[in-house]
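Go ahead and model the full structure; you've got the sequences and the hints to work with.
Those protein sequence lines, which keep their order, are chains D and U.
According to our numbering, the residues represented by the first sequence are 12 to 295, in order.
According to our numbering, the residues represented by the second sequence are 12 to 295, in order.
It is worth saying that the hints were derived from the structure and are not from the lab.
Any given hint could be a false lead.
Given that identical chains are not distinguished, each listed pair holds provided it fits within a single copy or across any two copies.
Said to hold, decoys possible - Straight-line C-alpha distance at most 25 Å; calculated BS3-like pairs for lysine-lysine: (1) K53 to K212; (2) K53 to K200; (3) K53 to K215; (4) K48 to K290; (5) K215 to K116; (6) K212 to K289.
There are 2 protein chains.
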Amino acid sequence: MSTRGWAGDAREILRVDAGFRLAEVDPGAHPGYAGNKKSGAKDLAAGIDALSELQERLFAESRAGDTTDAVLLVLQAMDSAGKGGIVRHVVGGVDPQGIALTAFKAPTEQERAHDFLWRIEQRLPEPGFIGVFDRSHYEDVLIGKVRALAPEKEIERRYDAINEFEAQVAASGTRIVKVMLHISPEEQKERLMERLERPDKHWKYNPGDVDERMLWPQYMDAYQAAFDRTSTEVAPWHVVPANSKWYARLAVQELLLIALEDIDPQWPAADYDIEAEKKRLAAS
Amino acid sequence: MSTRGWAGDAREILRVDAGFRLAEVDPGAHPGYAGNKKSGAKDLAAGIDALSELQERLFAESRAGDTTDAVLLVLQAMDSAGKGGIVRHVVGGVDPQGIALTAFKAPTEQERAHDFLWRIEQRLPEPGFIGVFDRSHYEDVLIGKVRALAPEKEIERRYDAINEFEAQVAASGTRIVKVMLHISPEEQKERLMERLERPDKHWKYNPGDVDERMLWPQYMDAYQAAFDRTSTEVAPWHVVPANSKWYARLAVQELLLIALEDIDPQWPAADYDIEAEKKRLAAS
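Printed below as a string of structure tokens:
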């Protein structure tokens, strides 16, 4: 029993295992967490301090050369599912000096001239960091599949390439936390409508969002296919119901906390003579 | 009279103008701010919300293609003066999606093969972002001068190159906020001693810190020379007394707020037909 209000290990509760069906997940549920919005806010605030300290310890270890460990959070979702809120309210609680955030857009011409993993590799977090991918290489098997931007055979090749790539990344010491934020189409409609109703949100709306929305079932199929092919032992997927923003934030924070606790970073020992340095400093 | 507790425009109060003498600045003073640590903490918290909203507006404008404006905070200081605290407590209050932070270390071999501004140029903030340089091109005229890493003639050339470079950056729409955090050698001694006394701080201490500390007067001369040569109209220096951490954080936040208020970013108008989109969305 976790002390943070979870009924068990959130990694297991939310993990995509064999036989997982996305269609059976309720986007309005709060699996594993018995609390409500109010307790959720309190637990989130407490978790921020814990996450900050764990990240600082990891950073310290890496600077001392004691570890090559890092954490990589991969965020995928339909528009308006709350990726931005995760970055702001979960990742934003950590010292910016320990965060390496990349928002992947449609690939540039230069990027398209390379393999789809080329630009991803360049943005992997260095030891000591929490890397965050807002969208990722999975776009190449999601929109890539739905919009037929690549032939089916190439999509198939990519699943394998992703698994091989992620296995290497994991072997190098990076904990990969893959999260799909799952909202319902009704919830998305409300959120997009709010963007149309509020002048301070107009810039977040894009008519293309509705075009993508029309392809909802195709996207869910593409997610299911990606889960079937790329939820591996070393880099499993987690589906986080996200109609309740507070739950989604708490759940992603919990997954990050568990990843860092698993690393269990320690303050490194001094690699200099502490008493001698005290004397040198005092005399200076 | 600012509503944020400042007696005047912090840009002017802290600016390095003709005749400025670093040796005359009291690192323990709180120029322009009459409050104390307690009111300072309150004003800092209020400023975080203001800074967040201004940055989001700027980001929105830039995404709409309405502006090329950005802000660049350049932080220089002796060791332990509080650069990290500024990043964590001032910059850390802003959405990570709007921050581009670079911590410059000793240049790599590849970087040394290029002009000293080469690596700097690559890290300039894109429109809509607050860029933060934790150390910067000024290292090349500070440690560069003190440690004679380059001949005096080359240091002289660099001042001019910096002024030309920064004038171009400013002309492209980036507000440059250059800050030296100024602590006393006695305050540094206490802070370094604390790092030696606390096991969770040992990793932050480096015996080389004392070597640099021995060169304090030479560093102050190098800062004075840099101020004399590179505090320009478009990119003035600000010296922020930093023995009081709370004051330094508040002052840097105030300088950022003023820079953003000066840009005065507005929520961009929709570039689509709002009513038509509402209908499309409702029907989807």
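Comparing the hints with the structure gives:
1. K53 to K212: neither (27 Å within a copy, 29 Å between copies)
2. K53 to K200: Neither way: K53 and K200 sit 29 Å apart in one copy and 39 Å across, limit 25 Å.
3. K53 to K215: Intra 29 Å, inter 31 Å, cutoff 25 Å: neither.
4. K48 to K290: neither (53 Å within a copy, 32 Å between copies)
5. K215 to K116: For K215 and K116, only the intra-copy Cα distance (15 Å) is at most 25 Å; the inter-copy one is 36 Å.
6. K212 to K289: Intra 55 Å, inter 14 Å, cutoff 25 Å: inter-copy only.
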